[in-house]
Amino acid sequence: MSEVFGIPTQALFGQLLIGLINGSFYALLSLGLAVIFGLLNIINFAHGAQYMMGAFCAWFLLNKLGLSYWWALLLAPLIVGATGVVIERLMLSRLYKLDHLYGFLLTFGLALMIQGLFRHEFGSTGLPYSIPSALEGGQNLGFMFLPNYRAWVIVSSLIVCLGTWFMIEKTKLGSYLRAATENRELVQAFGINTPRMITLTYGFGVALAAFAGVMAAPIYSVSPLMGADLIIVVFAVVVIGGMGSIMGSIVTGFVLGLAEGLTKVFYPEASNVVIFVIMAIVLMIKPAGLFGAEK
Amino acid sequence: MSSRLKLCVAAAFAVSAAGAQAQYSDNVIKIGVLNDQSGTYSDLAGPGSTVAARMAVEDFGAAKKGMKVEIVVADHQNKPEVGSSIARQWFDVDKVDVIVDVPTSSVALAVNQIAKEKNKVLLVSTGASVDLTGKACTPNTIHWTYDTWSLANGTGTAVVKTGGTTWFFLTADYAFGHSLEKETEAVVLKNGGKVLGRVRHPFPSSDFSSFLLQAQASKAKIIGLANAGADTISAIKQGAEFGIVKGGQQFAGLLVFLTDVHAIGLDKAQGLLLTESFYWDLNDQTRNFSRRFAKLHKGAMPTMGQVGVYSSVLHYLKAVEALKSDADGAKVVAKMKELPTDDVVFGKGLVRQDGRKIHPMYLFEVKKPSESKGEWDYYKLRSTIPADQAFRPEKEGGCPLVKG
Chain C
0 MSEVFGIPTQ
10 ALFGQLLIGL
20 INGSFYALLS
30 LGLAVIFGLL
40 NIINFAHGAQ
50 YMMGAFCAWF
60 LLNKLGLSYW
70 WALLLAPLIV
80 GATGVVIERL
90 MLSRLYKLDH
100 LYGFLLTFGL
110 ALMIQGLFRH
120 EFGSTGLPYS
130 IPSALEGGQN
140 LGFMFLPNYR
150 AWVIVSSLIV
160 CLGTWFMIEK
170 TKLGSYLRAA
180 TENRELVQAF
190 GINTPRMITL
200 TYGFGVALAA
210 FAGVMAAPIY
220 SVSPLMGADL
230 IIVVFAVVVI
240 GGMGSIMGSI
250 VTGFVLGLAE
260 GLTKVFYPEA
270 SNVVIFVIMA
280 IVLMIKPAGL
290 FGAEK
Chain S
0 MSSRLKLCVA
10 AAFAVSAAGA
20 QAQYSDNVIK
30 IGVLNDQSGT
40 YSDLAGPGST
50 VAARMAVEDF
60 GAAKKGMKVE
70 IVVADHQNKP
80 EVGSSIARQW
90 FDVDKVDVIV
100 DVPTSSVALA
110 VNQIAKEKNK
120 VLLVSTGASV
130 DLTGKACTPN
140 TIHWTYDTWS
150 LANGTGTAVV
160 KTGGTTWFFL
170 TADYAFGHSL
180 EKETEAVVLK
190 NGGKVLGRVR
200 HPFPSSDFSS
210 FLLQAQASKA
220 KIIGLANAGA
230 DTISAIKQGA
240 EFGIVKGGQQ
250 FAGLLVFLTD
260 VHAIGLDKAQ
270 GLLLTESFYW
280 DLNDQTRNFS
290 RRFAKLHKGA
300 MPTMGQVGVY
310 SSVLHYLKAV
320 EALKSDADGA
330 KVVAKMKELP
340 TDDVVFGKGL
350 VRQDGRKIHP
360 MYLFEVKKPS
370 ESKGEWDYYK
380 LRSTIPADQA
390 FRPEKEGGCP
400 LVKG
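Order-wise, the sequence lines are chains C and S. Under numbering that gives the first Met the number 0, the residue at position 253 of the first sequence is numbered 252, and the numbers go up by one with no gaps. Under numbering that gives the first Met the number 0, the residue at position 97 of the second sequence is numbered 96, and the numbers go up by one with no gaps.
Because the hints were derived from the structure by calculation, they are not lab data. Keep in mind the model is a prediction, meaning the values are calculated, not measured. One thing to keep in mind: the hints can contain errors.
Mimicking EDC-like on lysine to aspartate or glutamate, the simulated pairs with C-alpha atoms at most 20 Å apart in a straight line are [said to hold, decoys possible]:
(1) S:Lys294 x S:Asp266
(2) S:Lys379 x S:Asp266
(3) S:Lys78 x C:Asp228
(4) S:Lys297 x C:Glu120
(5) S:Lys294 x C:Glu120
(6) S:Lys181 x C:Glu268
(7) S:Lys117 x S:Asp93
(8) S:Lys67 x S:Asp93
(9) S:Lys115 x S:Asp93
(10) S:Lys245 x C:Glu135
(11) C:Lys63 x S:Glu374
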């Protein structure tokens with residue numbers, strides 16, 4: 000069997016595929032953050048908590064209402080997105096004229112409160128959530144055993160990511176959004192209801208987080224802290240990709256998933272810091288991020 | 000503020016602190032529960048340990064005996080530097096007499112040194128490193144509930160003897176994981192087994208798929224999980240997804256708590272072998288105790304770590320009562336070693352010179368979903384490891400307190 004640095008190539012393929020799966024989550028989450036930052040100029044630190052709420056929402060729908068995973072995939076983003084709309088209307092909308100820091104502090108505080116409430120109610124070990132029966136089992140690819148559910152994660156997150164990119168970059172609605180990002184007052188002067196558009200955009204970003212949460216529920220435990228650990232990494236992804244860049248966040252998400260996967264093979268101890276090392280290097284060379292426009 | 004004024008204020012603080020010390024040490028026994036209140040180990044220790052400490056104070060009848068006992072709680076976040084600074088603050092400023100529980104070995108080892116330096120008492124229940132009664136032993140610390148040697152000995156021996164001869168370790172990359180891996184490897188090799196490989200994962204980790212693939216590729220019969228809490232849960236759950244068990248490999252959970260099995264669910268955890276020093280359904284006494292506990296703790300049955308806090312606080316209070324003083328930590332611990340232990344959770348036992356509390360350990364197997372009669376009915380007893388064989392022999396630890 001051929002080898003790369005002492006690792007059999009077959010094992011390497013397996014690890015790359017795993018990296019791609021993790022990258023799917025990074026991409027989904029960083030995409031939501033990029034959309035929100037692009038239009039609202041808000042650094043949404045509550046994103047991790049909203050991802051966690053998505054997972055809990057799926058758990059509630061299954062255990063209290065008997066609604067399956069597929070319903071959760073549809074309903075959880077709507078429900079959690081609606082809470083996002085409320086947050087935007089009641090709180091965030093008062094902060095747009097202020098410095099970034101205020102939005103950051105507000106969402107960070109919200110995240111801590113939401114996580115605290117869930118932890119108080121459900122403890123920290125998490126709740127079990129099963130893989131839907133249609134996606135149980137897996138395929139033997141020769142070089143690895145790929146669980147069907149993980150394959151589904153890659154495919155569906157790619158579809159959602161590209162769909163979002165298409166909507167923002169290629170449709171008329173998206174052009175309004177991008178225009179509002181550039182100059183909100185001017186777009187409003189053309190008779191477009193920008194405050195409502197901004198509200199819905201925040202709701203959409205939050206819904207993306209909740210969608211990722213539902214996707215994560217069967218893989219990771221549904222636990223109050225599931226978002227807290229992930230969100231820091233996702234922020235690093237956004238910074239590397241360039242704040243506010245849609246395609247940047249998608250591509251960077253997948254690429255960093257791969258980079259992390261490789262680290263887990265060659266030097267597992269460093270796998271939780273490798274992304275931050277990359278971030279430091281990128282910021283030194285290209286302070287606006289890989290895909291960000293220099294201002 | 001002028002420097003003279005600063006000096007006056009500092010002096011005033013020093014005087015008032017000294018005054019407080021004389022008063023407190025005579026009148027109040029202050030117990031500090033130091034553990035993970037919010038993170039990965041908060042269900043297996045956390046607020047449940049505080050409940051257990053309160054139950055011990057109540058069962059001891061401190062109020063009736065005219066002893067004033069106070070309990071304070073802090074979250075060390077599994078970080079040695081946070082744990083150390085809380086311990087120093089507690090001992091120096093808040094006049095805490097004894098610190099209990101302390102999961103996360105790296106934190107326990109740090110606080111261990113501070114308790115000795117300040118001549119206070121440390122009763123470790125959920126912390127696991129066997130070094131606490133080995134080269135790091137002190138006259139101020141007792142290691143109560145279990146340790147990495149006893150876990151490795153219990154599960155490792157049983158697994159190798161039933162045919163699990165080749166191992167691959169998934170190890171949490173900090174003091175506890177390393178210690179557990181080392182002890183288990185020794186047991187595996189002693190019993191004629193082989194270790195094919197290991198991978199050290201960051202602590203805590205949420206995604207184990209990459210490490211599981213490496214374990215799968217090793218073709219080892221047994222995947223030893225030298226980690227705990229949420230890490231163990233994730234590894235077993237994701238292992239089921241990657242068809243580890245279906246592919247003919249088996250997990251050996253080297254430190255699994257009841258709350259972990261609760262979170263994994265019986266369908267994925269069934270058949271898992273594990274070693275614990277306590278299970279709620281052992282006898283009438285443990286059942287009664289656990290039901291009382293559950294009423295105070297959202298219906299959750301206690302883990303061995305939590306009952307260890309109960310047992311250690313109870314015995315501490317007995318020793319303080321006998322001495323009529325809590326001032327000298329080393330003297331209190333010496334008294335605790337002198338008195339035999341006896342409580343509803345571990346039965347009769349003793350504390351050795353090296354600070355090791357001795358009681359039986361139990362090898363359990365997780366039930367199939369069909370065998371379980373309801374929530375928390377998870378274990379069946381495979382064998383009992385008698386108290387004199389359950390822990391590392393005193394002479395092998397290299398603790399300087401052991402003479403001869």
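Structure-based check of all given hints:
The hinted pair formed by Lys294 (chain S) and Asp266 (chain S) fails the criterion: a straight-line CA distance of about 27 Å is larger than 20 Å. With a CA separation close to 15 Å, the supplied pair Lys379 (chain S) and Asp266 (chain S) stays within the 20 Å bound. Simply put, Lys78 (chain S) and Asp228 (chain C) have alpha-carbon atoms about 15 Å apart, close enough for the 20 Å limit, and the pair holds. Restraint check for Lys297 (chain S) and Glu120 (chain C): satisfied, since their Cα atoms lie roughly 10 Å apart, inside the 20 Å limit.
Distance restraint check for Lys294 (chain S) and Glu120 (chain C): the Cα-Cα separation of roughly 16 Å lies within the 20 Å cut-off, and the hinted pair is therefore satisfied. For the hint pairing Lys181 (chain S) with Glu268 (chain C), the CA-to-CA distance comes to about 17 Å; that is within 20 Å, so the pair holds. Taking the CA atoms of Lys117 (chain S) and Asp93 (chain S), the gap is near 13 Å; set against the 20 Å cutoff, the hint holds. Taken as a hint, the Lys67 (chain S) and Asp93 (chain S) pair is honoured in the structure, with Cα atoms around 15 Å apart against an allowance of 20 Å.
For the hint linking Lys115 (chain S) to Asp93 (chain S), the alpha-carbon distance of about 17 Å falls within 20 Å, and the restraint holds. Annotation: proposed proximity of Lys245 (chain S) to Glu135 (chain C) holds, straight-line Cα distance about 13 Å (limit 20 Å). Pair hint Lys63 (chain C) plus Glu374 (chain S) holds up; C-alpha atoms about 18 Å apart against a cutoff of 20 Å.
In terms of the numbered hints stated before, the structure departs from hint 1 and from no other.
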